[in-house]
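Using the hints, position chain Y against chain L.
Those protein sequences? They're chains L and Y, same order as listed. Residue numbers for the first sequence follow my numbering, so the first one is 1 and each next one is one higher. Residue numbers for the second sequence follow my numbering, so the first one is 1 and each next one is one higher.
By construction, these hints were calculated from the structure, which means they are not laboratory data. Quantities reported herein were computed from a predicted structural model and do not represent experimental measurements. Here a beta-carbon is modelled for each residue, glycine too, at the ideal position from N, C-alpha and C. Worth double-checking, as some hints may not be accurate.
[Unchecked claim] Here's a subset of chain L near chain Y, in silico, CB distances under 7 Å, partners left out:
| id | residue |
| --- | --- |
| 1 | S6 |
| 2 | L38 |
| 3 | Q257 |
| 4 | V310 |
| 5 | V318 |
| 6 | M340 |
[To be verified] Derived lysine to any residue pairs resembling SDA-like cross-links, with alpha carbons at most 20 Å apart:
| id | chain 1 | residue 1 | chain 2 | residue 2 |
| --- | --- | --- | --- | --- |
| 7 | Y | K353 | L | G10 |
| 8 | L | K349 | Y | S47 |
| 9 | L | K130 | L | P104 |
| 10 | L | K130 | L | K413 |
| 11 | L | K105 | L | Q89 |
| 12 | Y | K349 | L | Q89 |
| 13 | L | K276 | Y | L365 |
| 14 | Y | K349 | L | L365 |
| 15 | L | K130 | L | P146 |
| 16 | Y | K413 | L | K276 |
| 17 | L | K276 | L | P146 |
| 18 | L | K353 | Y | V275 |
| 19 | L | K276 | Y | S47 |
| 20 | Y | K349 | L | Q46 |
| 21 | Y | K353 | L | V274 |
| 22 | L | K105 | L | T147 |
| 23 | L | K353 | Y | L45 |
| 24 | Y | K353 | L | P104 |
| 25 | L | K130 | L | T30 |
| 26 | L | K276 | Y | L361 |
| 27 | L | K349 | Y | A15 |
| 28 | Y | K276 | L | L365 |
Protein chains: 2
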Amino acid sequence: MTDELSDLIGELVDATPEQQDQVLRQVLATREPEEVALLLESLPLQSRLETWRKVPADQRLQILLTMRGDPRETLLDDMSREDLDALFQGMAAEDLVELSDSLPKRMVERALWVMDEQQRHYFEGARQYKDDQIGRWVTHEMLMLPTNARVRDGMRLLRRELPEYADTLFLVNRAGHFSEAVRIGQIIGSPDHLPLVDLSEDVFPVLEGQEDSVDAAIKVQQSGYTALPVVDENGRLLGRMDIGTAGELVNTYYEGQLMAGAGMDEDEDLFAPVVKSARSRALWLGINLLTAFLASWFIGLFEMTLQQVVALAVLMPVVASMGGIAGSQTLTLIIRGLAMGQVTNANLKALLKKELSVGGLNGVLWAIVIGIVASIWFGSPVIGIVIAMAILINIAAAAFSGVAVPVVLDRLKLDPALSGSVILTTVTDIVGFVAFLGLGTLLLL
Amino acid sequence: MTDELSDLIGELVDATPEQQDQVLRQVLATREPEEVALLLESLPLQSRLETWRKVPADQRLQILLTMRGDPRETLLDDMSREDLDALFQGMAAEDLVELSDSLPKRMVERALWVMDEQQRHYFEGARQYKDDQIGRWVTHEMLMLPTNARVRDGMRLLRRELPEYADTLFLVNRAGHFSEAVRIGQIIGSPDHLPLVDLSEDVFPVLEGQEDSVDAAIKVQQSGYTALPVVDENGRLLGRMDIGTAGELVNTYYEGQLMAGAGMDEDEDLFAPVVKSARSRALWLGINLLTAFLASWFIGLFEMTLQQVVALAVLMPVVASMGGIAGSQTLTLIIRGLAMGQVTNANLKALLKKELSVGGLNGVLWAIVIGIVASIWFGSPVIGIVIAMAILINIAAAAFSGVAVPVVLDRLKLDPALSGSVILTTVTDIVGFVAFLGLGTLLLL
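Chain L on its own, in the form it takes in the complex (with noise of 0.2 Å):
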């Protein structure tokens, strides 16, 4: 797909006006929505708004949807009031779920005012859960019969439509309480008048609507079956979440996972305008200034050594960028055992010990690398003995904090993702500078 993605994007940007509508008609015949979208998003602003605006009415809806945040504003930014009507009219309920962040309040209310009742009902359910609740991304579209349904209720059911993903059927009783789900396979090769619930799966995992909705998706792609059904906290049955909405939860978290590292958000549009890029990165880059001053006010205080012996100056790097490195592959570890669950009390101690053990191996390693390495660039065995143990310490101390940040954060329900590598790089770089010049005040001075 990467590949004949660059093909397309290059001859929508690079060919003549004509040239440009004939791969657009292409396009839209022959790919999926989000695929589109991906193109779409890799236009330069204007040539973006020029090509949605060819995209016909009924085929906009799908783009839409699969679009990340940022570039998918910038669209609806762009359309009249009478191409939002158009947008509106028979939308699903999951479908303005999934619009709303990008829209106005007031356009929100215009939807759901042109929306049929049965779905209003449902985006005021999905409305009561939040952004991080399984409950909030819900697919109503699902086969249901009552409890006391018999196999041949089951086939007419099947004859007359299969939705995407549904491999299995849900019984449902009188109060709405999701109750057993039977596999389509079984139905099919069945008696008529067997009672459903004779063909019913033993166990058959339910999720409920507070649950974070990444975990809930992830145990979705884990089951064994295409969607699972997800109720409020009175067993009543919400929705389903099926396999193609959880993959998309899924991917969404870890792409938020890997622009966090840089303090940005799964949103970010490739092509956002510049004030607005500026402005977003500006917050991060404001925060790391005042880690970097910190950092800064801690070499201050050795003005005096670093004026006597200027080789500590020039070294300074190194040490920081050891404790730094090494702290990051501690701290991505514990991260990603974090998001996983597998890091808690019981094995934080053991933990802690196997990191401070690879910490101290490699601190000693490369303690004493760049020691000799120092003493011969300097003529000096002192200064070679001074970045040999700040080196050792702040490696420790890289090992140690690589572990206990991210669990702290976490408690604090911070994602370390997020804010995990300016604090431990922050700590890196004030240990290693203390320790570096500390000892250089004593043993050079």
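Same frame as chain L, but now just chain Y:
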């Protein structure tokens, strides 16, 4: 899941042996193999092996299959030849493909030796493809009929078996070429004598064995179907890629991207043996050390300056880190775009222009802020001017390298997620130090 998993880890680590046995029995009876795998990964090596030895032979394979590479190896290494033979009994081709990287070569041969003819044939087929090609990861259980089959044949097949993740039936010609796909829902409602071809999907995506495995897996996730056929270069059906396997491939890819940032891979074991872990991380520290020494060498060129204006040594980390952060924001955005096929020759110039503009804006903003702070701190407006200019230069260089470095790495077929960050910070460190100390030499001496 994550919370429940944490609790289970606690119960297994802290409990008495009898309690442990009870917890384990309950876990094995009620949890998905994926959860048991996560649980085993979370246990320190010794207690992981003790727990593993108590897992009944018939549950072992499913757990091993979903485990990460390195922890899986710790378990396989611990198993006796008899236990391994039991594991190999009746193993499917795709299971051996999954395990073969964690097994010594002679054990793979042994497994092939006890494998049935058909599965061995499938395994040899998968081995024709590389790790990153989708042909290697196909499964072989699927609904298949000759192209001239009718609805009654389809119904007969459906009554007999309905594999996981099967929402279409594949029609295959005499030469074994994939020809059409028919939705199960279409078959169920239709008259017995109708040829299945008449019900087939108009457009149905087909994957080729050589396609990139992650791209192909994403295609499956986006197709709306639960599985797509995979064919060889002659159109012969090799097997299918189902949405369950596709999700695993995509999730593993994202985990790999997250780990690559710290020079590790997705197979890394939370409780790897200390020496093994230290060795695997040492390489990354060594590479980083070379870049740190390079930066130091550039600083060393300005020893005279540093000796006379020690404020420059104090402020060095601010210049380097602002460049590093600004660059990593651009880098992260471009790496994602490259992975999705969204960054290409056609939009590269526009992207560079946008990132340089964003960098320019933030460069000017932070240059002013930092310049003022530095002037006041050291009571020297010239120091303020020197650092302001250096910050502006470095943030611009960061924006340029943030685009150029990953694009060049991608052209060279190197993974920008692995080495992009090291190269980028080397550039921003060196540009930052040289600009800052160079300007300092010119304006302050």
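| Within 20 Å, alpha carbon to alpha carbon, are L/K130 and L/P146? | 30 Å, violated
| request: With a cut-off of 7 Å on the beta carbons, see whether L/S6 makes it to chain Y. | output: Holds - the Cβ of L/S6 comes within 7 Å of chain Y, reaching about 4 Å at its closest.
| Satisfaction of hint between L/P104 and Y/K353, Cα-Cα up to 20 Å | Violated: Y/K353 and L/P104 sit about 30 Å apart, past 20 Å.
| query | Does the structure keep Y/K353 and L/V274 at a Cα separation of 20 Å or less? | reply | 10 Å, holds
| query | Given the hint that Y/K353 pairs with L/G10, does the C-alpha gap stay at or below 20 Å? | reply | Within the cut-off at roughly 17 Å; holds.
| task | Could you grab the alpha-carbon distance between L/K349 and Y/A15 and see if it respects the 20 Å cut-off? | result | With Cα atoms ~16 Å apart, L/K349 and Y/A15 stay inside 20 Å; holds.
| field | Interface hint compliance - L/V310 to chain Y, C-beta minimum distance less than 7 Å | value | Since chain Y brings a Cβ to about 5 Å from L/V310, closer than 7 Å, the hint holds.
| request: Decide if the proposed pair is consistent with the structure: L/K353 and Y/L45, CA atoms, cutoff 20 Å inclusive. | output: Judged against 20 Å, a Cα distance of about 12 Å means the pair holds.
| request: Take the C-alpha atoms of Y/K413 and L/K276, compute the straight-line distance between them, and say whether it is at most 20 Å. | output: 33 Å, violated
| Given the hinted pair L/K353 and Y/V275, is their alpha-carbon gap at most 20 Å? | Satisfied, since the Cα-Cα distance of roughly 13 Å is no more than 20 Å.
| said: Need the status of pair L/K276, L/P146: alpha-carbon distance at most 20 Å? | reply: Not OK: L/K276 and L/P146 at ~52 Å, beyond 20 Å, violated.
| Given the hint that L/K276 pairs with Y/L361, does the C-alpha gap stay at or below 20 Å? | 11 Å, holds
Hint check: violations occur at hints 12, 14, 15, 16, 17, 19, 22, 24, 25; the rest are consistent with the structure.
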